[in-house]
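J.: Please put together the full structure from these sequences, using the hints given.
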Amino acid sequence: ETPPSKRRDAMAKIVTDNTLAILAGKQPEYIVNA
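The opening residue of the sequence shown carries number 62 in the working numbering; numbering runs sequentially from there.
FYI, nobody ran anything at the bench for these hints, they're computed from the structure. All C-beta atoms in this analysis are idealised placements derived from N, C-alpha and C, irrespective of residue type, glycine included. It is possible that part of the hints are untrue.
Quick list of simulated restraints, FRET-style, between CB atoms [said to hold, decoys possible]:
hint, residue 1, residue 2, range
1, G86, E62, 32 to 40 Å
2, T63, I83, 25 to 33 Å
3, K67, K87, 32 to 40 Å
T.: Here it is in structure tokens:
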């Protein structure tokens with residue numbers, strides 16, 4: 062089982078990647094339903 066902290070870090074990375082992608086004018090790779 063994944064520890065909550067690891068899962069939170071992974072979610073934060075996905076959100077960060079999506080934000081950078083949007084700022085760069087690209088489509089986000091993942092859709093995150095928080």
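J.: Determine for every hint whether it applies to the structure shown.
T.: Taking the hints in turn, this is what the structure says about them:
no.	hint	verdict
1	G86 with E62: 32 to 40 Å	holds, 38 Å
2	T63 with I83: 25 to 33 Å	holds, 26 Å
3	K67 with K87: 32 to 40 Å	violated, 27 Å
When each numbered hint is compared with the structure, a violation occurs for hint 3 only.
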